[in-house]
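There are 2 protein chains.
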Amino acid sequence: MLIKEKVKQAKDLLKEFDVDCWVTFTRESAINGDPVLTFLVGAPVTWHSAFMITRDGRTQAIVGKYDQITVQEIGAYDEVIGYVEGVKGPLQAFMKEVNPATIAINYSEDSEICDGLTHGMYLTLKSMLDEIGMGERLMSAEPIVSALRERKSPTELEAIRQAIAHTQYIFERVTQFIAPGKTEKEIAAFMLAEVKNRGLETAWESAVCPSVFTGPETAEAHYGPTDRPVKPGHVLNMDFGVKVNGYCSDMQRTFYVMESGEDTVPIEVQKGFDTIVQAIEKSRRAMKPGVIGLDIDTVARDIVTQNGYDPFPHGLGHQVGRYAHDGTALLGPAWEKYAQKPFKPLEPKMVFTLEPRLTIPNRGVATIEEMVVVTDQGAEFLSTPQTELILIR
Amino acid sequence: MLIKEKVKQAKDLLKEFDVDCWVTFTRESAINGDPVLTFLVGAPVTWHSAFMITRDGRTQAIVGKYDQITVQEIGAYDEVIGYVEGVKGPLQAFMKEVNPATIAINYSEDSEICDGLTHGMYLTLKSMLDEIGMGERLMSAEPIVSALRERKSPTELEAIRQAIAHTQYIFERVTQFIAPGKTEKEIAAFMLAEVKNRGLETAWESAVCPSVFTGPETAEAHYGPTDRPVKPGHVLNMDFGVKVNGYCSDMQRTFYVMESGEDTVPIEVQKGFDTIVQAIEKSRRAMKPGVIGLDIDTVARDIVTQNGYDPFPHGLGHQVGRYAHDGTALLGPAWEKYAQKPFKPLEPKMVFTLEPRLTIPNRGVATIEEMVVVTDQGAEFLSTPQTELILIR
Numbered sequence: 001m002l003i004k005e006k007v008k009q010a011k012d013l014l015k016e017f018d019v020d021c022w023v024t025f026t027r028e029s030a031i032n033g034d035p036v037l038t039f040l041v042g043a044p045v046t047w048h049s050a051f052m053i054t055r056d057g058r059t060q061a062i063v064g065k066y067d068q069i070t071v072q073e074i075g076a077y078d079e080v081i082g083y084v085e086g087v088k089g090p091l092q093a094f095m096k097e098v099n100p101a102t103i104a105i106n107y108s109e110d111s112e113i114c115d116g117l118t119h120g121m122y123l124t125l126k127s128m129l130d131e132i133g134m135g136e137r138l139m140s141a142e143p144i145v146s147a148l149r150e151r152k153s154p155t156e157l158e159a160i161r162q163a164i165a166h167t168q169y170i171f172e173r174v175t176q177f178i179a180p181g182k183t184e185k186e187i188a189a190f191m192l193a194e195v196k197n198r199g200l201e202t203a204w205e206s207a208v209c210p211s212v213f214t215g216p217e218t219a220e221a222h223y224g225p226t227d228r229p230v231k232p233g234h235v236l237n238m239d240f241g242v243k244v245n246g247y248c249s250d251m252q253r254t255f256y257v258m259e260s261g262e263d264t265v266p267i268e269v270q271k272g273f274d275t276i277v278q279a280i281e282k283s284r285r286a287m288k289p290g291v292i293g294l295d296i297d298t299v300a301r302d303i304v305t306q307n308g309y310d311p312f313p314h315g316l317g318h319q320v321g322r323y324a325h326d327g328t329a330l331l332g333p334a335w336e337k338y339a340q341k342p343f344k345p346l347e348p349k350m351v352f353t354l355e356p357r358l359t360i361p362n363r364g365v366a367t368i369e370e371m372v373v374v375t376d377q378g379a380e381f382l383s384t385p386q387t388e389l390i391l392i393r
Numbered sequence: 394m395l396i397k398e399k400v401k402q403a404k405d406l407l408k409e410f411d412v413d414c415w416v417t418f419t420r421e422s423a424i425n426g427d428p429v430l431t432f433l434v435g436a437p438v439t440w441h442s443a444f445m446i447t448r449d450g451r452t453q454a455i456v457g458k459y460d461q462i463t464v465q466e467i468g469a470y471d472e473v474i475g476y477v478e479g480v481k482g483p484l485q486a487f488m489k490e491v492n493p494a495t496i497a498i499n500y501s502e503d504s505e506i507c508d509g510l511t512h513g514m515y516l517t518l519k520s521m522l523d524e525i526g527m528g529e530r531l532m533s534a535e536p537i538v539s540a541l542r543e544r545k546s547p548t549e550l551e552a553i554r555q556a557i558a559h560t561q562y563i564f565e566r567v568t569q570f571i572a573p574g575k576t577e578k579e580i581a582a583f584m585l586a587e588v589k590n591r592g593l594e595t596a597w598e599s600a601v602c603p604s605v606f607t608g609p610e611t612a613e614a615h616y617g618p619t620d621r622p623v624k625p626g627h628v629l630n631m632d633f634g635v636k637v638n639g640y641c642s643d644m645q646r647t648f649y650v651m652e653s654g655e656d657t658v659p660i661e662v663q664k665g666f667d668t669i670v671q672a673i674e675k676s677r678r679a680m681k682p683g684v685i686g687l688d689i690d691t692v693a694r695d696i697v698t699q700n701g702y703d704p705f706p707h708g709l710g711h712q713v714g715r716y717a718h719d720g721t722a723l724l725g726p727a728w729e730k731y732a733q734k735p736f737k738p739l740e741p742k743m744v745f746t747l748e749p750r751l752t753i754p755n756r757g758v759a760t761i762e763e764m765v766v767v768t769d770q771g772a773e774f775l776s777t778p779q780t781e782l783i784l785i786r
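Chains as they are written, first to last, in the numbering used here: chain Y, 1 to 393; chain B, 394 to 786.
Just so you know, the hints here were simulated from the structure itself, not pulled from any lab data. As the structure is a prediction and not an experimental result, all values here were calculated from the model. Glycine included, C-beta positions come from ideal geometry on N, C-alpha and C. There may be inaccurate statements among the hints.
[Unchecked claim] Pairwise CB distance ranges (calculated):
{"id": "1", "chain 1": "Y", "residue 1": "168", "chain 2": "B", "residue 2": "477", "range": "42 to 52 Å"}
{"id": "2", "chain 1": "B", "residue 1": "492", "chain 2": "Y", "residue 2": "96", "range": "39 to 49 Å"}
{"id": "3", "chain 1": "B", "residue 1": "572", "chain 2": "Y", "residue 2": "73", "range": "51 to 61 Å"}
{"id": "4", "chain 1": "B", "residue 1": "578", "chain 2": "Y", "residue 2": "362", "range": "53 to 63 Å"}
{"id": "5", "chain 1": "B", "residue 1": "600", "chain 2": "Y", "residue 2": "291", "range": "35 to 45 Å"}
{"id": "6", "chain 1": "Y", "residue 1": "126", "chain 2": "B", "residue 2": "520", "range": "11 to 21 Å"}
{"id": "7", "chain 1": "B", "residue 1": "532", "chain 2": "Y", "residue 2": "130", "range": "50 to 60 Å"}
{"id": "8", "chain 1": "B", "residue 1": "423", "chain 2": "Y", "residue 2": "1", "range": "42 to 52 Å"}
[Said to hold, decoys possible] Straight-line C-alpha distance at most 27 Å; calculated BS3-like pairs for lysine-lysine:
{"id": "9", "chain 1": "Y", "residue 1": "65", "chain 2": "Y", "residue 2": "4"}
{"id": "10", "chain 1": "Y", "residue 1": "126", "chain 2": "Y", "residue 2": "96"}
{"id": "11", "chain 1": "B", "residue 1": "675", "chain 2": "Y", "residue 2": "337"}
{"id": "12", "chain 1": "B", "residue 1": "481", "chain 2": "Y", "residue 2": "337"}
{"id": "13", "chain 1": "B", "residue 1": "589", "chain 2": "Y", "residue 2": "185"}
{"id": "14", "chain 1": "B", "residue 1": "399", "chain 2": "B", "residue 2": "742"}
{"id": "15", "chain 1": "B", "residue 1": "589", "chain 2": "B", "residue 2": "675"}
{"id": "16", "chain 1": "Y", "residue 1": "196", "chain 2": "Y", "residue 2": "182"}
{"id": "17", "chain 1": "Y", "residue 1": "282", "chain 2": "Y", "residue 2": "271"}
{"id": "18", "chain 1": "Y", "residue 1": "88", "chain 2": "B", "residue 2": "730"}
{"id": "19", "chain 1": "Y", "residue 1": "337", "chain 2": "B", "residue 2": "489"}
{"id": "20", "chain 1": "Y", "residue 1": "185", "chain 2": "B", "residue 2": "408"}
{"id": "21", "chain 1": "B", "residue 1": "519", "chain 2": "Y", "residue 2": "337"}
{"id": "22", "chain 1": "Y", "residue 1": "65", "chain 2": "B", "residue 2": "401"}
{"id": "23", "chain 1": "Y", "residue 1": "196", "chain 2": "B", "residue 2": "589"}
{"id": "24", "chain 1": "Y", "residue 1": "126", "chain 2": "B", "residue 2": "489"}
{"id": "25", "chain 1": "B", "residue 1": "489", "chain 2": "B", "residue 2": "408"}
{"id": "26", "chain 1": "B", "residue 1": "730", "chain 2": "Y", "residue 2": "196"}
{"id": "27", "chain 1": "Y", "residue 1": "96", "chain 2": "B", "residue 2": "730"}
{"id": "28", "chain 1": "B", "residue 1": "458", "chain 2": "B", "residue 2": "578"}
{"id": "29", "chain 1": "Y", "residue 1": "65", "chain 2": "B", "residue 2": "578"}
{"id": "30", "chain 1": "B", "residue 1": "458", "chain 2": "B", "residue 2": "489"}
{"id": "31", "chain 1": "Y", "residue 1": "185", "chain 2": "B", "residue 2": "397"}
{"id": "32", "chain 1": "Y", "residue 1": "88", "chain 2": "Y", "residue 2": "126"}
{"id": "33", "chain 1": "Y", "residue 1": "126", "chain 2": "B", "residue 2": "730"}
{"id": "34", "chain 1": "B", "residue 1": "578", "chain 2": "Y", "residue 2": "4"}
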């Protein structure tokens, strides 16, 4: 069903982006398949395989003989050719018949999610097309693949909402579990048991999902939970998400562990937390179609630095979809590693995280990660935003 | 431990293949990471990351700041640099210092397992190296990556032996379960329950592992089990494997379902089965270091066709490792889709499958898949070869 929807969407995108033919060319997808394959074929393919969609709506798949029936049964392709010896003959025959002026293929320097074609496969495809005088017609399919992933359908949005709801519920459950003396590993294990009990999968590798960081001496991010125990006076944060029907959530929450006898949160902890809440709310309000991600990142970054904290060493937010990090447009600074991603305009139906962070000296890291969807006029929270520190007593 | 072993092995391979520097360049490995990363870093990496090994044994990793501690803790790299804005500065600095005459990168038209560099990442790396006058020094790392994967260490061979032992035991267990009336899906479910009970993973996607094909009207291969019931007179085959410590088995077995009152196997079934057994034994005996895979495929293929059957539409055997299909050298015919793989000479410590097949009209498909390891003088079975039809009564 997803595949039929996406193949249909792709036909419209070829018209919108003025491309005659889009080719996804891949092999041994269990080893290094193109991430767009989920939208084009639900099963693994083995030998050189080509999935072609043309501007006038024609579709053809060329696959190894043993994969033919599986791809036929998807029902998304007008024709499915199964070969024994090689893909070149049928691929050249199709191209000669269609004679496209532009042939879009899945590579991109800017966007990893649009960069599913390996260099070896590029060379093979290029030489097949050179033989029939079409090698110079190749172009990047980045706009097509980006739009396919970024413009979420109602079904996709609903799956993300479900994933968020499960995530928030598990955050509530673990709040009852966290206590001084419990280790990061014990907290993570509690959450993974919740994931398992609900028949869910984590949104990324479970060794770092959830990530749990307690106190001032942690690794900050992208690091597995340790035997470090929760102590009174710690700021604790977690990064966590689950998958529902193949779609992810990605959220962070900040906790404060009260010291005995303490009846209010220390002012420096409250100020750090409030700065994060404000950075999220102000940047969300600045989001709307047509604005570029760089400008949204700047809103949050300025709030953090104007309050006297170091700027966070990552973008404010990324898109979310079938991967926790998905899509091309990014809310981020103009750093080399982000290439052109921060300069892409926002579009309705894009789902972003907002995740500023700052360090509270001697306490830990304050960070919240909310999820929002871009609408026609602005951006709405998909998650229920955290506006108060979660207190552990 | 694996990573330290493989990084050490890689240093020797650079000398053997006369390469000054090997660079693995990747990003967002959860999305489309290089398959060689398992040997270089055990955890996912997020931003543009480069893992460099030089001929004189120097090692450096350049990764995004948040991945730095994880990579440092592996202990395999002399230096781990964590950047915030971009990889280019540190990468160019390293290259200028080392000044390698040859820079091997992970692309290959011939071998999917050596083709982990995406085309977009190739363009990025090429332009970084062009800026410092080194863009023309790039070459394929196929010989290095192939040898790393293909020359199995004692630890790797032991994991494969364990995976084979579990697979054979599950084949024995399911033999008691198969009976007329049981469907392909029920048989597969029984086997998957065995996998789960033992805390194992299947060697490839569980929707088609095991594959179960009963009778004359099946999809032949690469297709999930159906509601088709086992019937007397059917030839039934299965393709199945598990993973132990990250290493796979990949095996097939053939069964015959006796008809009531039948006291011997029909001659055409026995002849088909015996042809497969003979093709495996003769081709195994022909294997030894230095022989090319094409010649081994021919031995088995000729036996099948000389007995009056159609040639099988795939290679006789592939290598096995961390993936069920692994390595470069292949026992296969000189077909386009196999590129140069059938022309690579066999080497000691390579692990191959032998899997000829043929169709027995009105009965089903006879196919056995054994696993062998190349030795200094020949090739030895790792699996206990099937020499008799498994009879279901």
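Going down the list of hints, with the structure as the test:
Take residue 168 of chain Y and residue 477 of chain B: their Cβ atoms lie about 31 Å apart, and the range 42 to 52 Å is violated. Between residue 492 of chain B and residue 96 of chain Y the beta carbon distance is about 47 Å. The supplied range of 39 to 49 Å therefore holds. Hint check: residue 572 of chain B to residue 73 of chain Y, Cβ distance near 28 Å, so the stated range 51 to 61 Å is violated. In this structure the supplied range 53 to 63 Å holds for residue 578 of chain B paired with residue 362 of chain Y, their Cβ-Cβ distance being about 59 Å.
For the pair residue 600 of chain B and residue 291 of chain Y, the beta carbons lie near 42 Å from each other, so the given range of 35 to 45 Å is met. Under the hint 11 to 21 Å, the C-beta atoms of residue 126 of chain Y and residue 520 of chain B, about 18 Å apart, fit the expected range. Distance hint check for residue 532 of chain B and residue 130 of chain Y: the Cβ-Cβ separation is about 21 Å, which falls outside the suggested range of 50 to 60 Å. Roughly 25 Å separates the CB atoms of residue 423 of chain B and residue 1 of chain Y, a value that falls outside the hinted 42 to 52 Å.
The straight-line distance between the Cα atoms of residue 65 of chain Y and residue 4 of chain Y is roughly 22 Å, inside the 27 Å bound, and the hint therefore holds. With a C-alpha separation of about 15 Å, the suggested pair residue 126 of chain Y and residue 96 of chain Y falls inside the 27 Å cut-off, and the hint holds. The suggested pairing of residue 675 of chain B with residue 337 of chain Y is violated, with an alpha-carbon distance near 55 Å, which exceeds 27 Å. About 9 Å separates the Cα atoms of residue 481 of chain B and residue 337 of chain Y, which keeps this hinted pair within 27 Å; it holds.
Distance hint between residue 589 of chain B and residue 185 of chain Y is fulfilled; the C-alpha atoms sit about 25 Å from each other, no more than 27 Å. Pair hint residue 399 of chain B plus residue 742 of chain B holds up; C-alpha atoms about 15 Å apart against a cutoff of 27 Å. Restraint check for residue 589 of chain B and residue 675 of chain B: the C-alpha separation of about 36 Å exceeds 27 Å, so the hint is violated. About 21 Å separates the Cα atoms of residue 196 of chain Y and residue 182 of chain Y, which keeps this hinted pair within 27 Å; it holds.
For the hint linking residue 282 of chain Y to residue 271 of chain Y, the alpha-carbon distance of about 16 Å falls within 27 Å, and the restraint holds. As the CA atoms of residue 88 of chain Y and residue 730 of chain B are separated by approximately 9 Å, the hinted pair is consistent with the 27 Å bound. Between residue 337 of chain Y and residue 489 of chain B, the direct Cα distance comes to roughly 21 Å. Compliance with the 27 Å bound is thereby established for this hinted pair. Annotation: proposed proximity of residue 185 of chain Y to residue 408 of chain B is violated, straight-line Cα distance about 43 Å (limit 27 Å).
A hinted pair counts as satisfied when its Cα atoms are at most 27 Å apart, and residue 519 of chain B with residue 337 of chain Y qualifies at roughly 16 Å. Only pairs whose Cα atoms come within 27 Å are accepted, and residue 65 of chain Y paired with residue 401 of chain B is rejected, the gap being roughly 41 Å. In summary, the hint linking residue 196 of chain Y to residue 589 of chain B is supported, as the alpha carbons are separated by about 15 Å, within the 27 Å threshold. For the suggested pair residue 126 of chain Y and residue 489 of chain B, the alpha carbons sit about 32 Å apart, so the restraint of at most 27 Å is broken.
Of the pairs offered as hints, the one joining residue 489 of chain B and residue 408 of chain B holds, with about 20 Å between alpha carbons and a cut-off of 27 Å not exceeded. Distance restraint check for residue 730 of chain B and residue 196 of chain Y: the Cα-Cα separation of roughly 41 Å exceeds the 27 Å cut-off, and the hinted pair is therefore not satisfied. For the hint linking residue 96 of chain Y to residue 730 of chain B, the alpha-carbon distance of about 21 Å falls within 27 Å, and the restraint holds. Straight-line distance between C-alpha atoms of residue 458 of chain B and residue 578 of chain B comes to about 48 Å, which puts the hinted pair past the 27 Å bound.
Using a Cα cut-off of 27 Å, the hinted pair residue 65 of chain Y and residue 578 of chain B holds, with the two alpha carbons roughly 23 Å apart. Distance check on the hinted pair: residue 458 of chain B and residue 489 of chain B sit about 22 Å apart at the alpha-carbon level, within 27 Å; holds. With a C-alpha separation of about 26 Å, the suggested pair residue 185 of chain Y and residue 397 of chain B falls inside the 27 Å cut-off, and the hint holds. Only pairs whose Cα atoms come within 27 Å are accepted, and residue 88 of chain Y paired with residue 126 of chain Y is accepted, the gap being roughly 11 Å.
For the proposed pair residue 126 of chain Y and residue 730 of chain B, the alpha carbon gap of about 16 Å is at most 27 Å, so the pair holds. For the proposed pair residue 578 of chain B and residue 4 of chain Y, the alpha carbon gap of about 26 Å is at most 27 Å, so the pair holds.
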